[in-house]
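Asks: With the hints as a guide, bring both chains together as one complex.
Each chain, written out:
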Amino acid sequence: MEAYLIAIAIVSAVYVLLALGLTLQYGMTGIINFGHVGFFAVGAYAAALLAEQGWHPLPAFLAAGVLAAAAAWPLGMVSLRLREDYFAIVSLGFSEVVRLVVTSEKWLTKGVQGIPGIPKLFTGLGVGLPNSLAVLAVLLLVNGLAIYAMRRIVRSPFGRMIEAIRDNEDAVKALGKDPARFKVQVLMLGALLAGFAGAFYAHYIGYISPDQFVPLVTFQIWMAIIMGGVGRVSGALAGTLILMLFLEGSRFLRDVLPFISEVEMASVRLGIVGLALILFTLYRPGGIMGEARRT
Amino acid sequence: MSLEISNLTKAYGGLRVVDDVMISVPTTGITGIIGPNGAGKSTLFSLITGFIEADAGHVSLGSVALDGLPPYRRARAGMVRTFQVPREYTHLSVRENLAAAAPDQTGESLAGLFLTPGKVRAEEKAVAEKVAATLDFLRLTRVADLAAGGLSGGQKKLLELGRALMTGARLILLDEPFAGVNPVLIEELSARIHELNARGTGFLIIEHDLGALSRLVSAMHVMDRGRIIASGTPSAVLSDTAVREAYLGGGGKAA
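Those sequence lines, one after another, are chains A and B. Start counting the first sequence at 1; every next residue gets the next number (this note's numbering). Start counting the second sequence at 1; every next residue gets the next number (this note's numbering).
Hints were generated in silico from the structure; no laboratory data involved. It is possible that part of the hints are untrue.
Said to hold, decoys possible - On the chain A side, residues computed to face chain B include the following (Cβ under 10 Å):
id	residue
1	Arg151
2	Arg152
3	Ile153
4	Phe158
Using N, Cα and C, we set each Cβ at its ideal position, and we do this for glycine too.
If we strip away everything but chain B, and leave its shape as in the complex, we get (with noise of 0.2 Å):
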């Protein structure tokens, strides 16, 4: 299974900020887009998940065509994101931010919530220990009655993730996950990525930090002003000679 984008088209006035965007994304690997600031990374990732609607172009995930839906309709899908600034329930605690992500609870629904009580309970039993497994993995518990609000930077990024494996999702897009994070907590980060891909779960991950992405992928997609310049594996995307220019300038920096 993969996530096909074609011809993926956003503009703002005469600015192509997403450009005709071609790229295949497997759900079994580890996918990588650098490119500099203003490239048109996150605008590529809120027009996959449908947080803005595209120009033109499609999206389709496995057999699923996602063009037009709503952004939670795409989640359930299959494809699952995170935020440039991670954006947990500042209030409720960890543990609960994670118990919220959960599909398809029962108790969700206010006729579910007083008819069937005891469906509810037993949910809920299912949900705690799921939640239980994802704070250890991800070494939260020591955390997990918190207040999400408090967390580090990097805490929190873990803890999007964590919501993230809650929904079950196939393919887990990760925007920037490694910014403002300590480099104790990227090699964790790192870690616990290469594990759940190993257990099956795809990511396809936007990241500045060259270095620690370029370990991670097998494959890497470059964008520079809206447009895919280059893609391959990581030694030979960073070879190439107009990646070298977007970065190092030639090609220049959009704001």
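Same shape as in the complex, but just chain A (with noise of 0.2 Å):
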């Protein structure tokens, strides 16, 4: 039981700094990404690929998320100064792109068979604790500083222009910044969280291979932002767990439900988040922790 806690909060944790980049971006620049998976494959098969060559995991962790992030740079250039509709669709696109890349380049990343036997973290730390727990305080460390550097962004100045940009875009360009500098910032910031997460969620799952990182992955996220609370950091975390307890409460559902077949139940527990976030937008539109700080 202790052992499927940890994992719970392991993915958990992963999950939330996905939820911190897209709520920076979305949240409060107004950015409407629908191809954050993209960026954490990316970070994913990044950590795996230099595991392999024998890089030691702290400056394969960097580059993973500073790959990420590079990767978000020439879609930020060419896309964001597209209206931003058209930019949830560029990228969506992006991850898909990225998807088919790791798919048919099987030289590099071995194709839908994947990459088996990533090395797991702190094996060698010979305490007599779980390394598990290691890799969860790890991650809790990365969050936290995530969360304290966002916030720091928030309540600066270039936290208001963002949020400026959110608002109105065109009054932000006719008072003489423009948007689209602070726009590609951001995108990379959240791709950079997106990077660390894939890295994580690789050494954690030994595991990687294209089809975890369909766009599903991406709208669960959403779904957490939205359920949490669009456009603040506690929104992330409250949304992140209360869609943990969603997917892995209704694993216990089966105890109850007898009669639906263990296939039957990976549908009916995506129903359920389904449901879960239908009836949020309905009784609780602002989210968990309600709507965003504003005087």
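Replies: Given below as structure tokens:
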């Protein structure tokens, strides 16, 4: 049971990192990023491949984050000047392109077979504690740093500008500031966090393949921030917890509903999350943490 | 210094919305543009400020050619516009709305923010003082910490003027500043514009409300169906026959 709880906590913490990035992008800046999983995938594959090359985890993780952010740069440069709904489509396309590339570039990524045997972290600690606890501790530390940095950003002139862009981009332009510059940076920051998340995920699960990086992952993160409350850090945390509660809690539904087969259960779980999302948008449109701070 | 507009043209399909417009706007005065609905006034503003690309013609401010530049670069050249329907930052407070318009802030770059926090604090302090002075000047101090989305129509127009002031622009382009504003606030707004002009800020104002505008401006251009049909002092322009036709029938109102 303990191992199960730690496992859920680790996966939750990975999702929180993803949700924080999306909160910065959508909740604070208004960027509709439907391709978040693409940056997650870049981070995961970068970490796995560098580990294969014998890199130490620390530089490998940093490289994973930086590569994901670097992947966001050209995407942002070419498409963030478009209207936000166009960017939504382009970003969704981007994440699918990433998935197709890792599927077809077999020489590098082993294609649909995936990359097995990604080493677990902290296996040589030898202090009697499970290594997964150390992984969780580091993940929480990274989350803490990310939250600290985000809070600083939000309360700064930069944060004021991205919220202004969310509220009215034309006014920002009319007053002499270039919204695209801010949006590209925000896209890259979110991608950086997603890259780190991917690296943790790859090392924790130990095996990655293209079918783990489908758009459904992106939309789960979207559900999390919508349920938690768009535009606030606490919303990203609360929303991820609610999402995990529904995803994992519904696992135990089989004890209550024994007539549903294992395969059907996967659909039922998704259905429950979908239902929760509908109920939230109907009865709690600002999310569990309420509308974003504002005077 | 002046804003020079020459041969500016924009057509949608066969319709020339702005047709070969040629005007010179001094950055020292208050200049008005009037015209019936659909005359092309707002389109002209969007062409001048780069929100819409012109088919032909040139725009320059002082010695700086603005052709082909994006809106934010034109604004930085010293010419800032407001919008017919106010575009306040809804969720930000009135104070934050003004602060966000301050130019060249170190804290608006991530590197500056994390590497030179002292400089950012000092700049923020200076901005806060300038914001307080602007709020005071526009009589908005009372609502300074309310979300801008909740202001009245007139207060939003004042806020837009305040943001334009924060940029330090030489020339401010106001798009129907009096539309939907109550008469008391119109007087207030006019008085502020006069005061600012006396301190050296130029204005170019599109307006429907002929009464308020003619009392405010020193020069006026009349636009009808994309063309400038008359220019001069308010009294001269208002007694012009072509102008009377455009407004009172004969010329008819383009939709």
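Asks: Each hint should be assessed against the structure and marked as holding or not.
Replies: Do the hints match the structure? See the list:
1. Among the interface hints, the one on Arg151/A is violated; its C-beta lies about 12 Å from the nearest C-beta in chain B, farther than the 10 Å criterion.
2. Given the 10 Å rule on beta carbons, the hint for Arg152/A holds: about 7 Å separates it from the nearest Cβ of chain B.
3. This hint holds: Ile153/A has a C-beta 7 Å from the nearest C-beta of chain B, less than the 10 Å allowed.
4. With its C-beta approaching chain B no nearer than about 5 Å, Phe158/A sits inside the 10 Å limit, and its interface hint holds.
Checked against the numbered hints listed earlier, the structure breaks hint 1 alone; every other hint is satisfied.
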